[in-house]
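One letter stands for each residue in the lines below.
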Amino acid sequence: MCSLCGILGCDDHWSSAIARPDVYTRNTDRVSRRREAARRRKIANAILAVRRLKLSAPTGTSYVLTNATGRSQVFEALAHLWPEADRMSSAGFDPLDEDFLTALERAS
Amino acid sequence: MNGDAIDSAEARQGPTPVNLLTGFLGSGKTTLLQRLLTDASMANAAVLINEFGEVGLDHHLLERIDDNVVLLKSGCVCCTVRGELADALQSLHAQRARGEIPFFDRVVIESTGLADPYPALSTLRAHPVLKSQFCVGKVITTVDAVNGLSAVAHRLEAVRQIAAADIIAVTKTDLCDERTTMAVNMRLGELNPTAAIITATDATLLSRLTTRSALSVDAHDWTAEVPPTRDEAATSHDASHHGHHHHHHHDEDEAHAVRSFSMVFEDDVDWTGFGIWLTMLLNRHGDRIFRVKGILNVAGEANPVAIHAVQRLVHPPVHMKRWPDERRHSRIVFIAEGIDPQRIRRSFEVFSRLAARVMADDPAVGAVRPFKAEAWAST
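Sequence order for the protein chains is C and S. Quick note on numbering that gives the first Met the number 0: the first sequence kicks off at 0 and runs consecutively. Quick note on numbering that gives the first Met the number 0: the second sequence kicks off at 0 and runs consecutively.
Keep in mind that the hints are not guaranteed to be accurate.
As the list claims (entries may be wrong) - Each pair of labels, with its calculated beta carbon distance range:
#1 Gln341(S) - Asp28(C): 28 to 36 Å
#2 Arg105(C) - Thr200(S): 54 to 62 Å
#3 Asp98(C) - Arg287(S): 14 to 22 Å
#4 Ala56(C) - Leu113(S): 36 to 44 Å
#5 Ala96(S) - Ile17(C): 16 to 24 Å
#6 Ser31(C) - Leu205(S): 20 to 28 Å
#7 Ser55(C) - Gly13(S): 14 to 22 Å
#8 Gly91(C) - Gly188(S): 30 to 38 Å
#9 Asp98(C) - Thr200(S): 49 to 57 Å
#10 Gly91(C) - Asn302(S): 32 to 40 Å
What the hints assert, rightly or not - With the Cβ distance kept under 7 Å, some of the chain C side facing chain S (calculated, not the full set):
#11 Pro20
#12 Tyr23
#13 Val30
#14 Arg40
#15 Trp81
#16 Ala90
#17 Asp93
#18 Leu103
Said to hold, decoys possible - With a cut-off of at most 20 Å between alpha-carbon atoms, the simulated SDA-like pairs for lysine to any residue come out as follows:
#19 Lys130(S) - Ser15(C)
#20 Lys41(C) - Arg356(S)
#21 Lys41(C) - Gly299(S)
#22 Lys320(S) - Ala16(C)
#23 Lys320(S) - Arg19(C)
#24 Lys41(C) - Glu348(S)
#25 Lys320(S) - Arg25(C)
#26 Lys41(C) - Arg352(S)
#27 Lys53(C) - Gln72(C)
#28 Lys41(C) - Ala359(S)
#29 Lys130(S) - Lys41(C)
#30 Lys130(S) - Val22(C)
#31 Lys130(S) - Glu75(C)
#32 Lys320(S) - Pro20(C)
#33 Lys53(C) - Arg356(S)
#34 Lys130(S) - Arg19(C)
#35 Lys130(S) - Ile17(C)
#36 Lys130(S) - His12(C)
#37 Lys41(C) - Pro127(S)
#38 Lys320(S) - Thr27(C)
#39 Lys130(S) - Asp21(C)
By construction, these hints were calculated from the structure, which means they are not laboratory data. All residues carry an ideal CB built from backbone N, CA and C; glycine is no exception.
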């Protein structure tokens, strides 16, 4: 369910689309799905770390975003990661913001 | 036809395609729709219109819907749902299943002249029930050859409609000379290099419209036509561009300039990193990025992956069956308002390097080479 508007069944993000003919996705079998989810968390966490946030998926079906003070937010759809991250960080996550890009490069 | 027969027909055909017909006020949407509906291939189309205009429509499945948009500014596709459109489509689907209305194999939605196409498209894509019953078909936008460029210069709605188009049908070409039509076509091509631009009377319009999906792998491939160093096209809907131009308007013009620009890069793209980058970009700037369309050379894949977004709505990526040409380069076209192409380029490169670094020690995947944009439209 969407934690923002309450609509049900919105958890199919385009980058992890439901497998259908002609559709490119790594959401095919259990192993591929898990491997891709792990990769996604790894890259997302490298970005989130710049604002001291951390993403985890303890149950595999929902996400938990935690900040440095231990405050956490649970959501079910990948589509809500960045809106939630924006809400939990005063500086937010703007990929066109030069200061943010510089911080990402420094973290690298 | 009874319900079982209809169900089996639906199972055979898959989700029913929905074409969105949009275009600015007075650009000839209803006239075009009237003509399209006379063709035998559209005989089984259901039509939803926002308003009954001056042009009479005579069609057996014609319903009116109101512009009832539920819009939450959250940056999430599913939070933008047109309530009444969703109700109308669900009702059509249910009535068809019960055999209460004639069978239809397509839906055409004619929007109002001031409508942003995005809420209708996001309703189709994100509504939990509709997304399995219907699919987004080609978006067709009418542009009046006489007044169309004036609308583009002054009204952002007109620009959004053109940017969302898969097909741009230029209307009223009989009311102006060939030179004017050519100038209009050229301008539209600059604004939306991803759309097919044809006259509204073009014989191929119907076959283009009824192509299976918005990004069919078998369809004419626009990417082959986008050269790697295409000139950047910029326009402004600010009046100062037309006539009285003053220096103090420069910054304002820049902030509101709508540009199409493309980037081309040779190296493999890390799919996961790209997905995160584009999602972040559209989350923050989806209101001003009207269109993203491209093909990617995804690391580990022999064939390209096509991506296609209208504002925050990203269609399911298509695994293409072949490369459009010998150059296996990734190409992405953006249509955006007030965003410097160099900023997108820089962002893309920073994220790509980050993804390569983070994934370099991932034994399941192996190293992904860092890459750099090879050519930019604006450079």
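Structure-based check of each hint:
In this structure the supplied range 28 to 36 Å is violated for Gln341(S) paired with Asp28(C), their Cβ-Cβ distance being about 41 Å. For the hinted restraint 54 to 62 Å between Arg105(C) and Thr200(S), the CB-CB distance of approximately 58 Å keeps it satisfied. Checked against the hint of 14 to 22 Å, the C-beta distance between Asp98(C) and Arg287(S) comes to roughly 20 Å, which is consistent with it. About 42 Å separates the C-beta atoms of Ala56(C) and Leu113(S), a value consistent with the hinted range of 36 to 44 Å.
In this structure the hint that Ala96(S) and Ile17(C) lie 16 to 24 Å apart at CB holds, the actual value being about 22 Å. Distance hint check for Ser31(C) and Leu205(S): the Cβ-Cβ separation is about 40 Å, which falls outside the suggested range of 20 to 28 Å. The supplied range of 14 to 22 Å is broken by Ser55(C) and Gly13(S), whose beta-carbon atoms lie about 37 Å from each other. Here the CB-CB span from Gly91(C) to Gly188(S) is close to 36 Å, well matched to the stated 30 to 38 Å.
Look at Asp98(C) against Thr200(S): about 53 Å separates their beta carbons, and that is inside 49 to 57 Å. In this structure the supplied range 32 to 40 Å holds for Gly91(C) paired with Asn302(S), their Cβ-Cβ distance being about 37 Å. The interface hint given for Pro20(C) is violated, since its Cβ lies 9 Å from the closest Cβ of chain S, which is over the 7 Å cut-off. Below 7 Å, beta-carbon pairs count as interface contacts, and Tyr23(C) has one with chain S at about 4 Å; its hint therefore holds.
Nearest Cβ of chain S to the Cβ of Val30(C): about 10 Å, over the 7 Å cut. The hint is violated. Of the supplied interface hints, the one on Arg40(C) is violated, with its beta-carbon coming no nearer than about 10 Å to a beta-carbon of chain S, more than 7 Å. Annotation: Trp81(C) was flagged as interfacial toward chain S, and the flag holds, the nearest CB pair being 4 Å apart, inside 7 Å. About 12 Å separates the beta-carbon of Ala90(C) from the nearest beta-carbon of chain S, more than 7 Å, and the hint is not met.
Proximity of Asp93(C) to chain S holds as hinted, the smallest CB-CB distance being about 5 Å (cut-off 7 Å). Below 7 Å, beta-carbon pairs count as interface contacts, and Leu103(C) has one with chain S at about 6 Å; its hint therefore holds. For the suggested pair Lys130(S) and Ser15(C), the alpha carbons sit about 16 Å apart, so the restraint of at most 20 Å is met. With a C-alpha separation of about 11 Å, the suggested pairing of Lys41(C) with Arg356(S) holds against the 20 Å cut-off.
For the hint linking Lys41(C) to Gly299(S), the alpha-carbon distance of about 19 Å falls within 20 Å, and the restraint holds. Under the criterion of a C-alpha separation no larger than 20 Å, the hint pairing Lys320(S) with Ala16(C) is consistent with the structure, at around 18 Å. Using a Cα cut-off of 20 Å, the hinted pair Lys320(S) and Arg19(C) holds, with the two alpha carbons roughly 14 Å apart. The hinted pair formed by Lys41(C) and Glu348(S) meets the criterion: a straight-line CA distance of about 18 Å does not exceed 20 Å.
Our distance criterion of 20 Å between C-alpha atoms is met by Lys320(S) and Arg25(C), whose separation comes to about 17 Å. Proposed proximity of Lys41(C) and Arg352(S) is supported: the alpha carbons are some 14 Å apart, at most 20 Å. Taking the CA atoms of Lys53(C) and Gln72(C), the gap is about 11 Å. The hint holds against a cut of 20 Å. Simply put, Lys41(C) and Ala359(S) have alpha-carbon atoms about 11 Å apart, close enough for the 20 Å limit, and the pair holds.
Restraint check for Lys130(S) and Lys41(C): not satisfied, since their Cα atoms lie roughly 30 Å apart, outside the 20 Å limit. Taken as a hint, the Lys130(S) and Val22(C) pair is honoured in the structure, with Cα atoms around 15 Å apart against an allowance of 20 Å. About 19 Å separates the Cα atoms of Lys130(S) and Glu75(C), which keeps this hinted pair within 20 Å; it holds. For the proposed pair Lys320(S) and Pro20(C), the alpha carbon gap of about 11 Å is at most 20 Å, so the pair holds.
Distance restraint check for Lys53(C) and Arg356(S): the Cα-Cα separation of roughly 18 Å lies within the 20 Å cut-off, and the hinted pair is therefore satisfied. About 14 Å separates the Cα atoms of Lys130(S) and Arg19(C), which keeps this hinted pair within 20 Å; it holds. In summary, the hint linking Lys130(S) to Ile17(C) is supported, as the alpha carbons are separated by about 12 Å, within the 20 Å threshold. Straight-line distance between C-alpha atoms of Lys130(S) and His12(C) comes to about 13 Å, which keeps the hinted pair within the 20 Å bound.
Distance check on the hinted pair: Lys41(C) and Pro127(S) sit about 29 Å apart at the alpha-carbon level, beyond 20 Å; violated. With a CA separation close to 19 Å, the supplied pair Lys320(S) and Thr27(C) stays within the 20 Å bound. As the CA atoms of Lys130(S) and Asp21(C) are separated by approximately 17 Å, the hinted pair is consistent with the 20 Å bound.
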